[in-house]
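**Student:** Each protein sequence line maps, in turn, to chains A and B. Using my numbering, you'd call the opening residue of the first sequence number 4 and step up by one each time. Using my numbering, you'd call the opening residue of the second sequence number 16 and step up by one each time.
Quick caveat, the hints were computed from the structure, so don't treat them as lab data. Some hints here could point you the wrong way.
Label pairs and their computed distance ranges (CB to CB) [to be verified]:
| id | chain 1 | residue 1 | chain 2 | residue 2 | range |
| --- | --- | --- | --- | --- | --- |
| 1 | A | Tyr51 | B | Thr81 | 28 to 34 Å |
| 2 | A | Ala31 | B | Thr206 | 53 to 59 Å |
| 3 | A | Asp53 | B | Asp60 | 32 to 38 Å |
| 4 | B | Met266 | A | Thr48 | 28 to 34 Å |
| 5 | A | Gly78 | B | Lys84 | 54 to 60 Å |
| 6 | B | Pro185 | A | Tyr51 | 39 to 45 Å |
| 7 | A | Thr48 | B | Arg26 | 26 to 32 Å |
| 8 | A | Ala80 | B | Ala205 | 51 to 57 Å |
In silico SDA-like pairs for lysine to any residue, Cα to Cα no more than 20 Å straight-line [what the hints assert, rightly or not]:
| id | chain 1 | residue 1 | chain 2 | residue 2 |
| --- | --- | --- | --- | --- |
| 9 | A | Lys60 | B | Cys151 |
| 10 | B | Lys94 | A | Thr48 |
| 11 | B | Lys150 | A | Thr48 |
| 12 | A | Lys94 | B | Arg228 |
| 13 | A | Lys59 | B | Thr104 |
| 14 | B | Lys94 | A | Asp50 |
| 15 | B | Lys150 | A | His95 |
| 16 | A | Lys59 | B | Gln95 |
| 17 | A | Lys25 | B | Arg141 |
| 18 | B | Lys150 | A | Ser14 |
| 19 | B | Lys150 | A | Arg64 |
| 20 | A | Lys59 | B | Lys150 |
Far from chain B by the CB rule (all over 10 Å, computed), these chain A residues [said to hold, decoys possible]:
| id | residue |
| --- | --- |
| 21 | Glu45 |
| 22 | Lys74 |
| 23 | Pro83 |
Glycine included, every Cβ here is placed at the ideal spot set by N, Cα and C.
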Amino acid sequence: MIANYGYKDGSGEYYISIDTDKCIGCTAERACLTACPKQMFEIITDDYDDEVAWVKKPNCRTLAYDCADCKPSGGYASLPCITACTPGAIKHSW
Amino acid sequence: MITAGIDMGSRSVKVVLLEELKVDGAPQLKYGVKKTHIMMPGDLDQDQAADKAFDDALAAAGLKRTDVKAIFATGAGRKQVAFASEGITEMTAGAKGAVYMYPQARTVVDVGAEEGRGMKTDGEGRAIDFAGNEKCAAGAGSFAEAMSRALQMTLKEFGEASLLSDKSIPMNAQCTVFAESEVVSLIHSATPKNDIAKAVLDAVASRVCAMVRRVGIEGEVVLIGGMVHNAGFVQSLKNAMGVDTISLPDMPEYISALGCALIAAERQH
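Kindly generate the complete structure, drawing on both the sequences and the hints.
**Tutor:** Quick look at the structure:
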């Protein structure tokens, strides 16, 4: 399942997509949890009883601001969450 | 075996009671018990609202609480339903209920009072992809309601009025507050109400469509949630999505509660 967390507003479309099929068998030891400086990810048991990462609810409404520090303008060459997620489950829409 | 699905929405509570009859091993909807309880200003305590709606539904079906084997809750306020044994997301519940009603459905659009979401589902009603809008109310029913108030029309009149317009007036504001200013400007420029109504519903449909396009439009499209009752919105959504038909359930606001009750029944095996 591709779970899209985020929103679209007047300034753009801000979604973090998590491919839960890749996330279930995480081979990166859940590195996303510690890689995100804002600690936006957490592990939940979803409706299909799979343990997967999701974006915490309050962050889903403020992604544009929360992720801004990790974008190229913040000095990062690549996003820490995407780099840490070696199975390639995490994507940003912007 | 009787199970219950409670959809604790942001504006109303919907309850569906389901009795499993052993026909092909699939749960069958025996009780046409659907009871809604609108949360009025004096009744804003969500715990009490869920209790009352559930008791009303049980009374209508002639059942007691002990007759119900499992109670699952969904919706924005699902955690407030203290007597529910499990909570499931709106996406999972909506997809399950929609595919139960329309087995060919693969794209489910859910537009309620405060939120809209799009889901892609498989033949079992399992959500494959989903996207919602966690922040903005401009792609949901409350936006249409606010705009209908600005035009001094009921929501029903508002929807019907939009069907009488063939104009396409773009609404540029993405925010409910700014959009209301835009509507006021249109009123002052003597734009006919029908055209304003269509502009507003086109704008809501366009925002909902953007979410649905994130997951992709495939197979039969089913629209669930209270906005199904707005004929103008349905037409605007068809236009925005570029589809000829959208399946509309008879009781669209109860589909997520139905999905919830179905999942509760499945998990008892």
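**Student:** Give a verdict on every hint.
**Tutor:** Hint check results:
For the pair tyrosine 51 of chain A and threonine 81 of chain B, the beta carbons lie near 29 Å from each other, so the given range of 28 to 34 Å is met. Between alanine 31 of chain A and threonine 206 of chain B the C-beta distance comes to about 55 Å, which sits within the given range of 53 to 59 Å. Checked against the given bound of 32 to 38 Å, the beta carbons of aspartate 53 of chain A and aspartate 60 of chain B, roughly 34 Å apart, stay inside it. At about 30 Å, the CB distance of methionine 266 of chain B to threonine 48 of chain A agrees with the hint of 28 to 34 Å.
About 56 Å separates the C-beta atoms of glycine 78 of chain A and lysine 84 of chain B, a value consistent with the hinted range of 54 to 60 Å. Range check, proline 185 of chain B to tyrosine 51 of chain A: about 41 Å between beta-carbon atoms, so the 39 to 45 Å window is met. Taking the beta carbon of each, threonine 48 of chain A and arginine 26 of chain B are about 29 Å apart, inside 26 to 32 Å as hinted. Restraint check, alanine 80 of chain A to alanine 205 of chain B: a C-beta distance of roughly 55 Å satisfies the suggested window 51 to 57 Å.
With a C-alpha separation of about 14 Å, the suggested pairing of lysine 60 of chain A with cysteine 151 of chain B holds against the 20 Å cut-off. For the given pair, lysine 94 of chain B sits about 15 Å from threonine 48 of chain A by alpha-carbon distance, which is consistent with the 20 Å threshold. In summary, the hint linking lysine 150 of chain B to threonine 48 of chain A is not supported, as the alpha carbons are separated by about 24 Å, beyond the 20 Å threshold. Restraint check for lysine 94 of chain A and arginine 228 of chain B: satisfied, since their Cα atoms lie roughly 17 Å apart, inside the 20 Å limit.
Restraint check for lysine 59 of chain A and threonine 104 of chain B: the C-alpha separation of about 14 Å stays at or below 20 Å, so the hint holds. For the hint linking lysine 94 of chain B to aspartate 50 of chain A, the alpha-carbon distance of about 14 Å falls within 20 Å, and the restraint holds. At most 20 Å may separate the alpha-carbon atoms for a hinted pair to count; lysine 150 of chain B and histidine 95 of chain A meet this at roughly 17 Å. For the given pair, lysine 59 of chain A sits about 18 Å from glutamine 95 of chain B by alpha-carbon distance, which is consistent with the 20 Å threshold.
Our distance criterion of 20 Å between C-alpha atoms is met by lysine 25 of chain A and arginine 141 of chain B, whose separation comes to about 17 Å. For the hint pairing lysine 150 of chain B with serine 14 of chain A, the CA-to-CA distance comes to about 13 Å; that is within 20 Å, so the pair holds. Proposed proximity of lysine 150 of chain B and arginine 64 of chain A is supported: the alpha carbons are some 5 Å apart, at most 20 Å. Of the supplied pair hints, the one linking lysine 59 of chain A and lysine 150 of chain B holds, its CA atoms being roughly 13 Å apart against a limit of 20 Å.
At roughly 15 Å, the least C-beta separation between glutamate 45 of chain A and chain B is larger than 10 Å, which holds for a residue marked as non-interface. For lysine 74 of chain A, the condition that its CB be more than 10 Å from all CB atoms of chain B holds, with the nearest at approximately 19 Å. With a minimum CB-CB distance of about 22 Å to chain B, proline 83 of chain A clears the 10 Å threshold, and the non-interface call stands.
Of the numbered hints given earlier, the model fails hint 11 alone.
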